[in-house]
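Protein chains: 2
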Amino acid sequence: MAPTEIREISRSKASGGYVVKFEHDSPLSRCSMKFSVFVPPGYEKKNSKKYPILYWLSGLTCNEDNFMQKAGGKDKLAELGIVLVCPDTSPRGLGIEGEDDSWDLGTGAGFYVDATVEKWNGYNMYSYITQELWEVVNSNFNVDPSRAGIFGHSMGGHGAIVSGLRNPDKYKSVSAFAPIANPIDCPWGKKSLGAYLGTDNQEAWKVYDSTEVMKAYNGPSRTILVDQGTADNFLKEQLQTEKVAKVGNARVKVELRMQDGYDHSYFFISTFINDHLGFHAEKLKA
Amino acid sequence: MAPTEIREISRSKASGGYVVKFEHDSPLSRCSMKFSVFVPPGYEKKNSKKYPILYWLSGLTCNEDNFMQKAGGKDKLAELGIVLVCPDTSPRGLGIEGEDDSWDLGTGAGFYVDATVEKWNGYNMYSYITQELWEVVNSNFNVDPSRAGIFGHSMGGHGAIVSGLRNPDKYKSVSAFAPIANPIDCPWGKKSLGAYLGTDNQEAWKVYDSTEVMKAYNGPSRTILVDQGTADNFLKEQLQTEKVAKVGNARVKVELRMQDGYDHSYFFISTFINDHLGFHAEKLKA
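Protein sequence lines, in the order shown, are assigned to chains H and C.
For the first sequence, UniProt numbering assigns the number 1 to the initial residue and increments by one for each residue that follows.
For the second sequence, UniProt numbering assigns the number 1 to the initial residue and increments by one for each residue that follows.
Check the hints yourself; a few may be wrong.
[As the list claims (entries may be wrong)] 30 Å max Cα-Cα, derived BS3-like pairs, lysine-lysine: (1) K206(C) - K70(H); (2) K21(H) - K253(C); (3) K70(C) - K236(H); (4) K21(H) - K236(H); (5) K253(C) - K285(C); (6) K70(H) - K253(C); (7) K283(C) - K170(C); (8) K285(H) - K76(C); (9) K49(C) - K285(C); (10) K50(C) - K76(C); (11) K21(H) - K285(C); (12) K172(C) - K119(C); (13) K21(H) - K236(C); (14) K76(H) - K119(H); (15) K70(C) - K283(H); (16) K34(H) - K70(C); (17) K190(C) - K285(C); (18) K170(H) - K215(H); (19) K34(C) - K253(C); (20) K76(C) - K283(H); (21) K283(C) - K76(H); (22) K170(C) - K45(C); (23) K76(C) - K76(H); (24) K285(C) - K76(H); (25) K34(C) - K45(H); (26) K45(H) - K76(H).
[Stated by the list, open to error] Residues of chain C placed beyond 12 Å of chain H at every Cβ, according to the derived structure: (27) K49; (28) R147; (29) K206; (30) V207; (31) D260; (32) F279.
Hints were generated in silico from the structure; no laboratory data involved.
Glycine included, C-beta positions come from ideal geometry on N, C-alpha and C.
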């Protein structure tokens with residue numbers, strides 16, 4: 001049975017609602033995991049109204065704070081009446097050799113995969129997001145699991161597309177900012193997938209690759225909104241965002257918007273966050 | 001002659017405009033000083049239109065980044081066509097004994113005063129803001145110095161009220177979030193003013209005290225917008241914000257809004273930033 005007890009760490013009023021940080025024991029992650037939640041004005045844990053919910057997956061080096069502090073969008077979330085959850089991006093403090101040696105592997109860089117290499121025991125961010133956190137949130141918040149969406153940035157954009165399309169019964173709307181579109185074919189992806197999944201069977205990497213997951217997708221029809229800055233230094237070598245727009249699977253359409261002059265920072269995200277919130281709200285009937 | 005050469009450190013597109021960070025040699029501060037600027041969409045250094053300008057003064061521990069990353073408001077600045085400048089909060093790296101020992105004195109805590117105690121030579125944030133930075137900005141940006149406003153948060157709210165009212169010819173609009181309203185009578189203020197100005201002549205502290213400056217104010221009529229969260233842990237002992245609303249000088253009216261349940265964080269600022277930008281825009285005819 002999934003653990004459901006959560007402990008409140010901090011709470012700040014924002015845009016009429018609250019940003020609240022929690023931690024909980026995560027058997028899957030072998031540590032305590034933190035997440036932040038925005039609840040809109042008037043939110044009560046127990047009342048008849050159930051709120052639509054959005055999951056935001058952050059990028060490399062981030063934790064549960066980055067979106068809440070830098071992305072903006074809280075006025076819009078308040079207006080739309082949506083609950084938004086920001087998990088951390090990896091387990092922390094597991095004591096694995098090398099976990100803190102580089103910013104693109106280990107701590108802060110879980111890559112939203114379930115590690116199969118024994119060394120990374122506890123790095124199960126794919127199942128943490130799609131199962132454990134899903135249960136923790138549904139059992140602790142007044143949300144409607146039938147109206148859930150997922151989105152994210154960079155590593156988290158990759159995580160959102162993969163998690164969303166592999167679980168269309170859970171996530172009814174998907175969008176991404178500057179996702180790592182084809183990790184099996186870029187340096188960040190090869191490093192992470194090689195470490196967490198091993199290099200012997202690279203076929204096994206494909207279930208964690210947005211482009212490959214989109215090719216294989218045969219669920220209900222989906223349109224995914226993707227924003228990408230043209231001045232993003234990671235675009236060409238790492239993100240290769242255009243690849244998700246070229247898959248050609250009729251069941252999953254990508255609305256790719258190349259945003260002139262924007263880079264990879266949260267300044268880019270904050271500029272277009274309201275568009276994404278509106279996109280999800282329409283799909284989730286928020 | 002004031003130094004005017006500035007060097008661009010970084011640039012990110014945001015809300016159709018740009019967040020740009022600069023540094024410049026500051027003889028007054030005895031070091032290189034950084035500041036960030038938001039320029040709205042269409043801003044060009046050389047064209048016929050001159051932009052109104054806002055100065056944001058940050059609080060203890062902050063630097064030139066905090067407002068840009070966390071306060072929001074850039075969509076509104078873009079809409080209003082205002083240039084906004086965020087300076088750092090102190091000189092850095094002067095090698096003064098104890099400058100990095102505490103978060104509320106020295107580095108990140110210049111308190112917007114000109115130090116008279118020899119030890120703090122270089123800590124001249126009052127003159128840095130109102131003279132040196134003023135010149136640097138006016139000579140490097142396409143702004144209209146006759147339409148300048150100033151605002152800030154906490155220590156920066158104090159700095160904005162003091163700088164604004166002591167220089168009404170420069171700053172035509174003033175507002176504050178949770179200002180340190182009466183530093184001569186609170187622990188943060190006594191510590192800073194005592195260190196930078198010495199404790200022998202505490203009368204000299206009054207020119208850096210919002211409440212005292214308001215009492216003595218005899219310039220053109222001003223209305224100052226002040227927002228204060230009721231759940232701000234610093235309100236009672238440090239900020240004492242209600243004091244600026246009780247001065248009773250007919251020339252300077254304070255519109256104090258007590259915001260129910262908000263704390264001292266940037267979540268509070270981001271909630272009400274657009275109100276402040278609208279307030280300044282009206283005064284500056286932006």
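Status of the hints after comparison with the structure:
1. K206(C) - K70(H): Answer violated: K206(C) to K70(H) is near 37 Å, above 30 Å.
2. K21(H) - K253(C): Measuring from Cα to Cα gives roughly 38 Å; hence the hint is violated.
3. K70(C) - K236(H): 29 Å, holds
4. K21(H) - K236(H): Roughly 35 Å separates the two Cα atoms, so the pair is violated.
5. K253(C) - K285(C): Distance of about 20 Å is within 30 Å: holds.
6. K70(H) - K253(C): 33 Å, violated
7. K283(C) - K170(C): Holds - the C-alpha atoms of K170(C) and K283(C) are around 13 Å apart, at most 30 Å.
8. K285(H) - K76(C): 27 Å, holds
9. K49(C) - K285(C): Given that 30 Å is the threshold and the Cα spacing comes to 14 Å, the pair holds.
10. K50(C) - K76(C): Since the Cα atoms of K50(C) and K76(C) sit roughly 18 Å apart, the hinted pair holds (cutoff 30 Å).
11. K21(H) - K285(C): Given pair K21(H), K285(C) is violated - Cα atoms ~41 Å apart, limit 30 Å.
12. K172(C) - K119(C): Violated, at about 34 Å.
13. K21(H) - K236(C): 25 Å, holds
14. K76(H) - K119(H): 42 Å, violated
15. K70(C) - K283(H): 28 Å, holds
16. K34(H) - K70(C): 21 Å, holds
17. K190(C) - K285(C): 38 Å, violated
18. K170(H) - K215(H): 20 Å, holds
19. K34(C) - K253(C): 33 Å, violated
20. K76(C) - K283(H): It holds: about 27 Å lies between the C-alpha atoms, which stays within 30 Å.
21. K283(C) - K76(H): 27 Å, holds
22. K170(C) - K45(C): The hint holds at about 21 Å.
23. K76(C) - K76(H): 14 Å, holds
24. K285(C) - K76(H): With Cα atoms ~27 Å apart, K285(C) and K76(H) stay inside 30 Å; holds.
25. K34(C) - K45(H): 45 Å, violated
26. K45(H) - K76(H): Holds, at about 21 Å.
27. K49: 21 Å, holds
28. R147: 25 Å, holds
29. K206: 34 Å, holds
30. V207: 34 Å, holds
31. D260: 8 Å, violated
32. F279: Holds: least Cβ distance 17 Å, greater than 12 Å.
In this structure, the earlier hints numbered 1, 2, 4, 6, 11, 12, 14, 17, 19, 25, 31 are contradicted, and the remaining ones agree with it.
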